[in-house]
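Trainee: Sequences are here, hints too, so could you generate the full structure?
Below, each chain spelled out in residue letters.
Number of protein chains: 2
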Amino acid sequence: MAKKNLLYAQSGGVTPVINATACGVIETARVNRDQVGKVYAGENGIIGVLRENLIDTSKERKGDIAALRHTPGGAFGSCRFKLKGIEDNRAEYERLIEVFKAHDIGYFLYNGGGDSSDTAYKVSQIGSKLGYPVQCIGVPKTIDNDLPITDNCPGFGSVAKYVAVSIMEASLDVESMASSSTKVFILEVMGRHAGWIAAAGGLAQREDGDPPHIILFPERPFEQRAFLKRVKESVEKYGYCSIVVSEGVRDRKGKFLSDSGVRDAFGHAQLGGVAPVIASLVKEKLGYKYHWAVSDYLQRSARHVASKTDVDQAYAMGKAAVDFAIAGKSGVMPTIERTSDKPYRWKVGEAPLSRVANREKKMPARYITKDGFGITPSARKYLEPLIRGEDYPPYDKQGLPKYVRLQKKLAPKKLDPFEVDD
Amino acid sequence: MAKKNLLYAQSGGVTPVINATACGVIETARVNRDQVGKVYAGENGIIGVLRENLIDTSKERKGDIAALRHTPGGAFGSCRFKLKGIEDNRAEYERLIEVFKAHDIGYFLYNGGGDSSDTAYKVSQIGSKLGYPVQCIGVPKTIDNDLPITDNCPGFGSVAKYVAVSIMEASLDVESMASSSTKVFILEVMGRHAGWIAAAGGLAQREDGDPPHIILFPERPFEQRAFLKRVKESVEKYGYCSIVVSEGVRDRKGKFLSDSGVRDAFGHAQLGGVAPVIASLVKEKLGYKYHWAVSDYLQRSARHVASKTDVDQAYAMGKAAVDFAIAGKSGVMPTIERTSDKPYRWKVGEAPLSRVANREKKMPARYITKDGFGITPSARKYLEPLIRGEDYPPYDKQGLPKYVRLQKKLAPKKLDPFEVDD
Chain Y
1 MAKKNLLYAQ
11 SGGVTPVINA
21 TACGVIETAR
31 VNRDQVGKVY
41 AGENGIIGVL
51 RENLIDTSKE
61 RKGDIAALRH
71 TPGGAFGSCR
81 FKLKGIEDNR
91 AEYERLIEVF
101 KAHDIGYFLY
111 NGGGDSSDTA
121 YKVSQIGSKL
131 GYPVQCIGVP
141 KTIDNDLPIT
151 DNCPGFGSVA
161 KYVAVSIMEA
171 SLDVESMASS
181 STKVFILEVM
191 GRHAGWIAAA
201 GGLAQREDGD
211 PPHIILFPER
221 PFEQRAFLKR
231 VKESVEKYGY
241 CSIVVSEGVR
251 DRKGKFLSDS
261 GVRDAFGHAQ
271 LGGVAPVIAS
281 LVKEKLGYKY
291 HWAVSDYLQR
301 SARHVASKTD
311 VDQAYAMGKA
321 AVDFAIAGKS
331 GVMPTIERTS
341 DKPYRWKVGE
351 APLSRVANRE
361 KKMPARYITK
371 DGFGITPSAR
381 KYLEPLIRGE
391 DYPPYDKQGL
401 PKYVRLQKKL
411 APKKLDPFEV
421 DD
Chain Z
1 MAKKNLLYAQ
11 SGGVTPVINA
21 TACGVIETAR
31 VNRDQVGKVY
41 AGENGIIGVL
51 RENLIDTSKE
61 RKGDIAALRH
71 TPGGAFGSCR
81 FKLKGIEDNR
91 AEYERLIEVF
101 KAHDIGYFLY
111 NGGGDSSDTA
121 YKVSQIGSKL
131 GYPVQCIGVP
141 KTIDNDLPIT
151 DNCPGFGSVA
161 KYVAVSIMEA
171 SLDVESMASS
181 STKVFILEVM
191 GRHAGWIAAA
201 GGLAQREDGD
211 PPHIILFPER
221 PFEQRAFLKR
231 VKESVEKYGY
241 CSIVVSEGVR
251 DRKGKFLSDS
261 GVRDAFGHAQ
271 LGGVAPVIAS
281 LVKEKLGYKY
291 HWAVSDYLQR
301 SARHVASKTD
311 VDQAYAMGKA
321 AVDFAIAGKS
331 GVMPTIERTS
341 DKPYRWKVGE
351 APLSRVANRE
361 KKMPARYITK
371 DGFGITPSAR
381 KYLEPLIRGE
391 DYPPYDKQGL
401 PKYVRLQKKL
411 APKKLDPFEV
421 DD
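Residue numbers (UniProt numbering), protein chains in the order written: chain Y, 1 to 422; chain Z, 1 to 422.
Hints should not be assumed to be uniformly reliable.
Note that identical chains are pooled: a pair holds if it fits in a single copy or bridges any two copies.
[Claimed, not checked] List of simulated lysine to any residue pairs, SDA-like, C-alpha gap at most 25 Å:
| hint | residue 1 | residue 2 |
| --- | --- | --- |
| 1 | 402 | 239 |
| 2 | 409 | 27 |
| 3 | 329 | 133 |
| 4 | 342 | 395 |
I should point out that these hints are in silico values taken from the structure, not numbers from a laboratory.
Mentor: The structure is reproduced here in structure tokens:
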């Protein structure tokens, strides 16, 4: 078989460790030069592929590629762009194949969540139909931890660690102040549809009474009365109340609390921010002084406090994807298979993309305590190994992490321009 | 001179390193057992002293005291409580002296900001007048970096590091997403009256074009037109715009932007949160997709990313305070004296409390660029050494920092109760 080039693209929201996966892909391809030619990366994801903006990673220094392992963000750029079904937009698929052909791409590695698995799966099918078969490998990534089959998703573990460490630290702060000042602290975390990230806050709670005292999950409708009762109880019992709230919390009618009518000076609905809504409620109904934080992008870019388990798995998924490609596989995704809880052990598994695409893994109901405000021992057993170990980025003499910025030199174009409606 | 006991109290908002100062105090007292008796700590600060709730630190294990060096929050509790003037509330001062006398306190170390220096100063004066002279030492602490004379305040450097690292990381995230999604990211940081913390965000900006592209300082009135123009320019030039905004930013009339009319569903003014106000403005006027974060307590409790310079200085201030006490000093505060910028060198200095009390150090106007949106080279020269070095807390096997919780055993009471109006 002639040596083919490899195309890698990042998709969707980035994570603290998606570049570790990129690092695994490129380093593994480089040590297999006899089987893999050049590694290209789509500039800003699949959009760059459609536009034939292919970053030639062979122009990047070895040290810079190695530094991807500890650099957050998406080094090649990512995008929120879902290819339509083949029937609806065959032109896009044909364009992809045209680009692959022009640049002798034999392997397409798409690093993303559910949508990306779907795209990779469709591309793997259309290639053969159009007479240019490409080996398509999905590479798992999502802080939302919602991919099926794989035990967990690279990216989630580091966000989980950030949330657990942050609520632990902020709780020590509010506890110090509570006797005469702030009594309630609210940390808003991501998770529009699932409470995986909010659940991670529960890892900070080791003993009875430890913060966070309340976790609000999108899986459970917000019950104002029960919530306020619990806040009051916590303040009376522990002196303060520490709360982790998922951005996706809804009321009984299914309406996001964050959309519950907060308006700016001009009367415009203010987007996002369930923490201030909860805070106002606490202030109004209970009169407690509060503080709130919204971690937003901080949580999913905080490479400085990444989980070593997560970094290792992210790298391993990139490596495995190339190994799969070399082994002639297509239409699959490497997975993380947990083989033991105690001690925690995992190995690389494999899933067909057809079974990954468009299927969302929900958080099991048994992970949430009966009262709806905490996590159960089985949740803890699942979550704990994922935040284990520290993997600090190197810092420069000025006290800042040495994050790499690649050169991102584009390969010369060979095709006519293509319009992408992004 | 008979061996006297020492009383230490934490005051005001806590910091990631105020416990490192406590560690310096207690460890230094313990190695000078011949000159310093027991070390007591006020439970929840000065309020605990007034109530005769004195934590006996001799009951704490050596390892736990050592762990204070890497534990955020205020381990003995703090309070927001300012003693009134002696004329207005002589009873409180007399009570303090009564407590000191009852527990044979010869040294009073008050760890706080400007208000605490004022209290320590007054106590040093009243003791002698009431016939029970106590050596009073102020110990500097404030994330706001607003104490005079000392080159910087313990606590600030770590918050500065957190802000610089966080905006660096989140900017890599938004840069990755900007081509098809979020184009503007806004990080809100503390600093009601001074822009020290916001300025620290500027340290992430090493080269022209590096984020943050805009810093909004409380020292400069918010100019909507110029701000929006700059946002647009950044998005057009760099593809995205990264913004650090101080919670204390005001409009031209002196009104906090965070109070500019954001109301919740019930029509109540929503307290805090200038980031969402800025975000709404950007969305309304420019139409860019945005994300915003409010770091709040996270920034001042993030011991996991503390500055080594800061931790060392915090410890040194605690040690120096005890050294001063042993040397017979009173009415003074140890300071950080910068002796060289390049290489950065500092030593312990000394300032009379009378000159520290109630004087606020403003950020020099020359630290802000002419356009009002950035920091100057002289600001960088001042700020950079303060975030240097990493000083990680130890982590347990489950991946969380080993923060200590003290036993906080109270010394037996000897006096009648005292009413404190907290």
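Trainee: Indicate, hint by hint, whether the structure satisfies it.
Mentor: Checked hints:
1. 402 with 239: between (41 Å within a copy, 22 Å between copies)
2. 409 with 27: Within. Shortest intra-copy distance 18 Å satisfies the 25 Å Cα cut-off; inter-copy 56 Å does not.
3. 329 with 133: within (12 Å within a copy, 83 Å between copies)
4. 342 with 395: between (34 Å within a copy, 19 Å between copies)
When held up to the earlier numbered hints, the structure conflicts with none and fits them all.
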